[in-house]
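Q: If you want the building blocks of each chain, they are given just below.
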Amino acid sequence: MTTEAATALERDFARCALRLGDDALVLAQRLCTWITRAPTLEEDLALSNIALDLVGHARALLSLSGRLDGTGRTEDELAQLRDGREFRNTLLAELPNGDFAVTIARQLAFSHYARLHYADLAGCAEPELAALAGRAAREVDYHRLHADGWTVRLGLGTEESRRRMQDGLDLVWPYTAELFAADEAVARLDAAGAGPAPARVLERWRRATAETVSRAGLRLPEPGWSADGGREGLHSEEFGALLAEMQSTYRQYPGGAW
Amino acid sequence: MTGAKQATHDPPPGGTTGAERDEADLLTRFEALLAAGESVEPHDWVPDGYRRMLVRQIAQHAHSEIIGMQPEGAWLTRAPTLYRKAVLLAKVQDEAGHGLYLYSAAETLGVDRADLLDALHRGRQHSSAAFDHPALTWADTGAIAWLTDGAAVVNQAPLCRTSYGPYARAMRRVCQEEGFHVQQGYDQLLALSRGTPEQKRMAQDAVDRWWLPAVALMFGPPDTGGAAAGVGAATSRQAMAWGVKRHTNDELRQRFVDLCVPQARELGLTLPDPAIRWNPERGHHDFGPVDWACYRRALPGDSHCARRRIAHRAAAHREGAWVREAAEAYARRSPEAAGEPAA
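For the record, the sequence lines run as chains A and B. Just remember that the working numbering sits 1 ahead of the position in the first sequence, which is counted from 1. Just remember that the working numbering sits 805 ahead of the position in the second sequence, which is counted from 1.
Bound conformation, chain B alone (with noise of 0.2 Å):
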């Protein structure tokens, strides 16, 4: 990577070499660089670990992205009025856009979006579990809007600070419309709910199915909390090091149910999780432990939705090559023809 190559010099003989001192004052710059809040930029030097852990972040935030059109995706062609079409179109739209800021973003990091995708459809880099479960009826694509986009908004707000300038821009556009989707999901949940008993029951069903994918699974493991935290607890260490983490997973974890119990009241909804209650010393809402033993044996990605995800996306992607190959055999062959509007 590029931090290695700016590093190498002939070793000078004996003593510490002239590549590890350089190497400790780009460290030094960079940490200052930190230090004084300033956003990281891609022209700057940056330890190998910190552009790994970007890039791993970065691809895998992507992957969720085009990976999470699918449950939605899958009801346009049902949804019940031409209004829900309309605001489930814009939905998924925005969706491959924040695909594409983040695989532009990690472009910036020296990958290219297509080892990215391909990385994805062989399964070495993953999108979220939270995605690999099916929407069954209407009302899960108001579920996965209200719960699994609302988990976004609360785990990407602080992302809009993140220490990688290219990243922290793409996430200020990807939060303002994560939040327009955050309301609609509530309203349609709410139209449900305030509907005909079946209505109402289909919407219920749909909170109960992807509450805890959102709760566990867009947070993340624990890294909090003593010997329970784990390998999680390092990583958050790390990240929060080089402010690519603002807060602790279970810190934002907690945010969210705190967000959503009031939510939920005002929805005529209730969460499934008996364990929620106000805990006045806290000044937060307890709620019951995750069984990451569930996770853990889906993980990663080996269930037989996360199968079908990835396969209708490798499927999609081969079927379209011989576009883009036309697409890049015609831009070669028409240098102007990359000005051209409509790609």
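With the rest of the complex left out, here is chain A (with noise of 0.2 Å):
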């Protein structure tokens, strides 16, 4: 496709796509910095797995992105060179991981999320988004079951681990709702019939994660105040931090070839 082919609806697509790969890319950077820090090898073992996923789902997605707004800019274009300005995960993506209990918390909402938007979108009319939804349909489910198993035994577990679990519910839970939220690209697409917006999901999104958080005898914060801004690429403080880090190899040596 060349630049002047794009047309509305590819770059519709190509922000739909953005969107899904920076929540997965930066979800995926905050899970690499408790790899040789999990509270068991096999925890080390599921969070490294879970965290390939997610690189995995965001090199395809950043990679269509690029394709599709006319660009051509590759994966690691996107990832490597732009500022955190253009970046449009959610802020619940970037949230600090926190105690493990947090992580988890944050797991639970965003696995249930992407396993059900995911769903949706392999019946999308872009075929490339579709193929791949589907594939990370079935990997997030993974996830889910990683997620869920976790808040059930910290939260039957000890006092402690209840206690925790249940802050990190609610620490986490008002950074929900952006990830249910539509752009004007997203809400077009909807209305057209051509890609799910996410709010689709939401009720059975609500449904699955009151059922594994009652399963695990805790309860869910009140919905009251919700934090967005990711979307727009007003992010937190410390997502500089995680973008210089990131960053930091590619952009040390302009011209390399890894």
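For the record, the hints were derived by calculation from the structure and aren't laboratory data. All C-beta atoms, glycine included, are put in the ideal place defined by N, C-alpha and C. Wrong hints could be hidden among the right ones.
Stated by the list, open to error - Pair ranges (Cβ atoms, derived): (1) Asp853(B) / Gly135(A): 54 to 60 Å; (2) Gly1073(B) / Arg207(A): 54 to 60 Å; (3) Arg978(B) / Ser227(A): 45 to 51 Å; (4) Ala1116(B) / Gly225(A): 56 to 62 Å; (5) Arg1123(B) / Thr8(A): 53 to 59 Å; (6) Gly73(A) / Arg1137(B): 55 to 61 Å; (7) Ala1136(B) / Glu246(A): 33 to 39 Å; (8) Pro224(A) / Arg1123(B): 51 to 57 Å; (9) Pro128(A) / Pro963(B): 46 to 52 Å.
Claimed, not checked - Listed next, the stretches of chain B that the computed footprint assigns to chain A, with coverage defined by at least 3 CB atoms under 8 Å from CB atoms of chain A: (10) 872–879; (11) 890–899.
Both chains come to you apart, so use the hints to assemble them.
A: Structure below.
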């Protein structure tokens, strides 16, 4: 496709893929810092496996976005050369890891959302996005099992783990609303029947996460204040440090071959 | 240990005790098993020395896998491309898996993973000192994979036929995966070597720093060649008699050097040993003597970097205690949870 040939529909799908790709990339980056620091070797393995899946999703989604938006930017140009204001990930994805319970709460919210939304997108009008959404939906279902298992284990484990898991949910949940918010591109795709908006899975996500949380003997915080801004490039201060670290090697060797 | 328990009987009046006779029978059977080249299994009686040697070796190997995750893990967040990030993640993940296979193999000898980790954290057991060097640049992750993992493959390939069955089976899986790591490390260094002059300098610097740790520390002290061999030779002889080891440290070290020299040439990088040259009489590459004194000063595990590695590991273990306690409490309360996925 040439630059001129990028149609309005393609540009909207490019923005849709960028949002998804940025969430996957930034969450993977956060999970990477757990590795060698997890509570058990099994968790070092599980979290690196999840991060590896997410990097795979990010690579496919960013490449697709760069092709569809007509700029021809590669996955690495998008990951390593954009400034923070150009990233479209949610604040949820960039939330600092906190303790293991905060990370599990973040995984619980994200993996349930991703499983449902990717399954929906598997039927979208962009064939490459549809194919990779179908694959990603199957992979994040394992992430969901992992998060469900630990939410219940920590909720019903010891007094301390119950308290920490509840604190994790209380901290993370106000950041979940942004996952379901649409921008203009997503709204247009949804209205045209080309690609379903994430809001379409909101009710199913609520029921599924509430079921796990209730099985864990915990409660979800009352709806109230919620965070947003990430999708418009208004990130946290910590996000600058995350990007500086992620992009440092690539930017240090301009014109390098890797 | 179980061997001692099995041999305990009331001593008969005078002469050789029943226990001694039983032990002699068991030892004969054990030696016959080794002589027949059959694999020793967890239910077989083994001499205490054999068990101690294996526990020590397998634990050191398992510890090296999980400590070895640190220098590479430190670069996961800074990998220059998403492809390299994925490759490095897969490698670090493999190493956690190798740690798990090996701790499980050690557990068949009657020890507990928690106790082995505790011994590592308290400095009673050690990982390979090869990893007690800092990974200073991105190229270090390539040099570690090419050289340190490359040395591991040379060391470990014969262990796929080691006499203790659970260890041999773990090593077959480990070796298969390590082979990929070496190729990935080589591929990564090749890209840097063919990149910008700055990238090539970074690659050369990393090879300069990781060569000697691989040659010296991945193979252990010299164990052939008369007086210089010292204690290493006696240990190696016993390990070879029991079929735990199949080759001397020095044989394996030579094999590694012979493999690396042509690869370095293809990479366009030099190995930091001016004494390396082909010796047609021996059919091997000569190489410079290892300055063991510089390592003895740092052994066992006592350098700035070694201390940081253990402190990192011990802190993670301490901070995760509440999670492990929760998982145990949950499993006690819900016996059906044992079969649940996702742990």
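Q: Now look at each hint and say whether the structure bears it out.
A: Hint check:
1. In this structure the supplied range 54 to 60 Å holds for Asp853(B) paired with Gly135(A), their Cβ-Cβ distance being about 57 Å.
2. Taking the beta carbon of each, Gly1073(B) and Arg207(A) are about 58 Å apart, inside 54 to 60 Å as hinted.
3. Between Arg978(B) and Ser227(A) the Cβ separation comes to about 47 Å, which falls inside the hinted range of 45 to 51 Å.
4. At about 41 Å, the CB distance of Ala1116(B) to Gly225(A) disagrees with the hint of 56 to 62 Å.
5. The hint said 53 to 59 Å for the Cβ distance between Arg1123(B) and Thr8(A), and at roughly 56 Å that hint holds.
6. About 58 Å separates the C-beta atoms of Gly73(A) and Arg1137(B), a value consistent with the hinted range of 55 to 61 Å.
7. At about 37 Å, the beta-carbon gap between Ala1136(B) and Glu246(A) stays in the expected band of 33 to 39 Å.
8. As the Cβ distance of Pro224(A) to Arg1123(B) is approximately 37 Å, the hint placing it in 51 to 57 Å is violated.
9. Taken as a hint, the range 46 to 52 Å holds for the pair Pro128(A) and Pro963(B), whose Cβ atoms sit roughly 51 Å apart.
10. Closer than 8 Å: that is the beta-carbon criterion, and the region 872–879 of chain B has 3 residues meeting it against chain A, so the requirement of 3 holds.
11. Given a C-beta distance limit of less than 8 Å, the hint that chain A covers the region 890–899 of chain B holds, as 6 residues qualify and 3 suffice.
Of the numbered hints listed earlier, those contradicted by the structure are 4, 8.
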